[in-house]
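Enquirer: What follows is the residue order along each chain.
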Amino acid sequence: MKMRNLIALLLAAVMLLALAACGGAKTDTPKTDAPKADAPKTDAPAAEPKILKLAESFAYASLDAHKDWNGWYTSIYGLTETLFKVGDDLSVQPLLAEKAETDDTGRTWTITLNPKAAFSDGKPLTAEMVVRNLQRIGEVNERFADVKGYEIKAVDAHTLTITTPEVFPTLLTDKLTNAAFGIMDLDSADLDHAPVCTGPFAVKSFEPEGTVEMARNAAYWNGEVQLDGVIFYYMNDDESKLMAMQSGEIDGYSSVTAAAKQIYSAEPDRYVLTVIPATRLQFYVLNENRLSAAVRKAINLTVDNKAIADFLGGTVSPAVGPFGASAPYGKVTKPAVDIAGAKAAIESDGWKLNAAGYYEKDGKELTVNICYYFARSLDSIALLMQEQLKAVGVKAELTGVEDADSTYRVTGDYDIALYCMIADQAGDPYYCINALFRQSSDWALGGFHSDECEKLIDALASETDTARRAALANQIVQMAIDDNAFGFVGLFNKTTVAVPGVKNIGENSPFDFYAVNAATDK
Amino acid sequence: MGNYIGKRMLHLVGILIALSFLTFLLMYLTPGDAATKKLNAQGIAVSQEVLDATRKAMGLDRPFLVQYGDWALGVLRGDLGDSYKDGQAVAAKLGKALGYTALLALGSLALSLLVSLPLSVLTALKKDTALDHIVRFFSFVANSLPNFLISVLLMYFLCVKARLLPVVADDSLRGLLLPALALSIPMTGRFLRQFRAEVLEQLSQSYVSGAVSRGVKRRYILWRNVLHNACIPILTVVGLQIGTLFGGSVVIETIFRWPGLGKMAMDAITNRDYPVIQGFVLFTSVVYVLVNLLTDIAYHWVDPRVRPE
Chain A
1 MKMRNLIALL LAAVMLLALA ACGGAKTDTP KTDAPKADAP KTDAPAAEPK
51 ILKLAESFAY ASLDAHKDWN GWYTSIYGLT ETLFKVGDDL SVQPLLAEKA
101 ETDDTGRTWT ITLNPKAAFS DGKPLTAEMV VRNLQRIGEV NERFADVKGY
151 EIKAVDAHTL TITTPEVFPT LLTDKLTNAA FGIMDLDSAD LDHAPVCTGP
201 FAVKSFEPEG TVEMARNAAY WNGEVQLDGV IFYYMNDDES KLMAMQSGEI
251 DGYSSVTAAA KQIYSAEPDR YVLTVIPATR LQFYVLNENR LSAAVRKAIN
301 LTVDNKAIAD FLGGTVSPAV GPFGASAPYG KVTKPAVDIA GAKAAIESDG
351 WKLNAAGYYE KDGKELTVNI CYYFARSLDS IALLMQEQLK AVGVKAELTG
401 VEDADSTYRV TGDYDIALYC MIADQAGDPY YCINALFRQS SDWALGGFHS
451 DECEKLIDAL ASETDTARRA ALANQIVQMA IDDNAFGFVG LFNKTTVAVP
501 GVKNIGENSP FDFYAVNAAT DK
Chain B
1001 MGNYIGKRML HLVGILIALS FLTFLLMYLT PGDAATKKLN AQGIAVSQEV
1051 LDATRKAMGL DRPFLVQYGD WALGVLRGDL GDSYKDGQAV AAKLGKALGY
1101 TALLALGSLA LSLLVSLPLS VLTALKKDTA LDHIVRFFSF VANSLPNFLI
1151 SVLLMYFLCV KARLLPVVAD DSLRGLLLPA LALSIPMTGR FLRQFRAEVL
1201 EQLSQSYVSG AVSRGVKRRY ILWRNVLHNA CIPILTVVGL QIGTLFGGSV
1251 VIETIFRWPG LGKMAMDAIT NRDYPVIQGF VLFTSVVYVL VNLLTDIAYH
1301 WVDPRVRPE
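Read top to bottom, the protein sequences are chains A and B. Read in order, the letters of the first sequence correspond to residues 1 to 522 in the working numbering. Read in order, the letters of the second sequence correspond to residues 1001 to 1309 in the working numbering.
Just so you know, the hints here were simulated from the structure itself, not pulled from any lab data. Be careful, since some hints might not be right.
Lysine-lysine pairs mimicking DSS-like chemistry, simulated, CA-CA at most 30 angstroms apart [stated by the list, open to error]:
1) LYS50/A / LYS123/A
2) LYS522/A / LYS1056/B
3) LYS261/A / LYS522/A
4) LYS334/A / LYS306/A
5) LYS1161/B / LYS261/A
6) LYS1161/B / LYS503/A
7) LYS99/A / LYS331/A
8) LYS343/A / LYS390/A
9) LYS148/A / LYS1056/B
10) LYS50/A / LYS116/A
11) LYS148/A / LYS1161/B
12) LYS1161/B / LYS50/A
All chains should be built: construct the whole structure from the sequences, respecting the hints.
Expert: Here it is, written out as structure tokens:
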């Protein structure tokens, strides 16, 4: 009897503890409701409010747009806006600012704000507040520490000037359209949890690294907001997102996987899929210090990126260069897959096929080491490349690492190095060209160098004419392609799924940092 | 008993020093650091100058022993440091995640014990009957299924098909049910097999047949002797399981959006967030040692002949 009591007691204790913990966890949840004074005035209809529910793969601990990568998410949430934005066609368009002009030196920019621009509490946006925002970004974000060297001044209520130490033609694309440059009212009571901003939505409640609820900004300065609110659920598991869509708990999300895309495609009356080419590039570097020009040429003639794109189920589009072919700076060409040409190139280098079907010279088989990391389908690409190279007689060995940024990318210890990066940040080619083709870049360890290319990159750095910039970019990229220094495999597609009726959730923007806006509806 | 507890606490200090040093060393030797992870988080490369400046600001350019010593001194002052990723205090992050993990751990443990304790006794008493075979089969299957598969199956049938529970759960009891169930199914399978084996072991002892032959009621033998004697190994199994549960479950927490310790630790490792990793290691070590200590004390409580050594 005593034992029965003991077991019953143990069970009761466990259950009580569970219930107690249950109550405890609720109080531990630091979900922040925006202060009532800062909450937007809503004139929501008495009928059922229009609340859109979206899933996001990332969530941050703060809504301070200037710090870390938070700005991407405050932009996605429709909370912050930048002075300029990048359109779906990659063009720079006015947003909080009406225009930007440079003086004759090319160093001083005059920015004119839209006089209608205002925060969600009705406070007008002033040049002085923008100046404070820009100065703060330089202070709190390591990626933009160079902004500290700018001279930023308010000229009048709606005009400011920015003077950079050097000619900086990409100020708008590199900085002023960047989501980290989202404008906040720096006098907000709580910048981390409920900043007052200018976007079509204001914070209703914020759970750090969790669910974010946004309410309609009824006082939005740039048109009427269609939705009453948006809820962003943090879900980084693909299966959970798929099932939340199937159970009707969310209305949409981006970055749909190939497997989920297939499921949604089978029910077009229930799900609307939008697939557009985006800017995340999968590419490889061919190490010129280890591979001869003939072998590099053979590799590039062998790798069939159309077959790779097919295998990846439509999540990527085959790439020719680092930028989309529709961009003015994406007009480059590369030879088509040519197996016979690849074999001829290898044989011209003195290699002979052995009995095992591999090329051999001086008793050594032609073997290349492909380094990759486990993300963005690079592991699948490495395997497919291995198979394709085997078919022409090149043996490929695979080396997978967890962190490319601290291993092969900075040591140069590879024959072929696979990598994935955002090639086009905001409608300008300079960032990517500078990161990949400069002699001082990390990828220079692959051995690519050309004095002419270096001069062209210098010219691109200071060129202010857009058409001339595109021409320079095309020339530089073509040089790298012709040198077989790189292989551009694919550009990730942005795949968005939504239930019928949902529109304007950033499905047509190639960038990840745009989602809801005033026109978003369901 | 007091001496025994004091000795175990002294061991704990040694364990904490050794584990924290080893973890710090391993993270230091692993390629990549918090600065690279933070700056390249969204796939946009940064210049070497920016990277070097960030490393310097975070103190990552200092020698290993200086970094470790700095962290250890902070711990001695009661400061676990701040997260490299988001600047939040590690203690606060741990506290928040612990609430969720405790809820999930105790919820799933309660479910498992409620099912496995009575069923294991019943199947031991009904050994080799149809019921025994069925329960053994299901315990084998439950024990073999990986957590992610159980989670996805539960979600599909209970949320998508039957619409009984939400996929997008919150931290309410309703939200807890699915992750607790997913975590408890394999645990129940393990408990069933181990508890049943213990009860059977006791039932086969000569003192049971002796008691039966003396005319003692079977029910009395079962409750007074068999279960009493099976209790110590069962406590060991449960104690070890509690220690494991308090380490968090990455898979379950990720699938069900449950912000517990497992997910926090995994994110910290991915981001090379040393202060958070160190805090997690310290915390789980303390929990593991304390749970084992409590289990040992419970042995003595259940059977006073067992003296903690």
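Enquirer: Work down the list of hints and note, for each, if the structure agrees.
Expert: Now for the hints, and whether the structure bears them out:
For the hint pairing LYS50/A with LYS123/A, the CA-to-CA distance comes to about 26 angstroms; that is within 30 angstroms, so the pair holds. For a cut-off of 30 angstroms, the pair hint linking LYS522/A to LYS1056/B is broken: about 48 angstroms separates their Cα positions. Under the criterion of a C-alpha separation no larger than 30 angstroms, the hint pairing LYS261/A with LYS522/A is consistent with the structure, at around 21 angstroms. Under the criterion of a C-alpha separation no larger than 30 angstroms, the hint pairing LYS334/A with LYS306/A is consistent with the structure, at around 13 angstroms.
Distance hint between LYS1161/B and LYS261/A is fulfilled; the C-alpha atoms sit about 20 angstroms from each other, no more than 30 angstroms. Proposed proximity of LYS1161/B and LYS503/A is supported: the alpha carbons are some 27 angstroms apart, at most 30 angstroms. Distance restraint check for LYS99/A and LYS331/A: the Cα-Cα separation of roughly 29 angstroms lies within the 30 angstroms cut-off, and the hinted pair is therefore satisfied. Annotation: proposed proximity of LYS343/A to LYS390/A holds, straight-line Cα distance about 12 angstroms (limit 30 angstroms).
Distance check on the hinted pair: LYS148/A and LYS1056/B sit about 18 angstroms apart at the alpha-carbon level, within 30 angstroms; holds. The hinted pair formed by LYS50/A and LYS116/A meets the criterion: a straight-line CA distance of about 26 angstroms does not exceed 30 angstroms. A distance of roughly 56 angstroms separates the Cα atoms of LYS148/A and LYS1161/B; the hinted pair therefore is violated under the 30 angstroms criterion. Distance restraint check for LYS1161/B and LYS50/A: the Cα-Cα separation of roughly 26 angstroms lies within the 30 angstroms cut-off, and the hinted pair is therefore satisfied.
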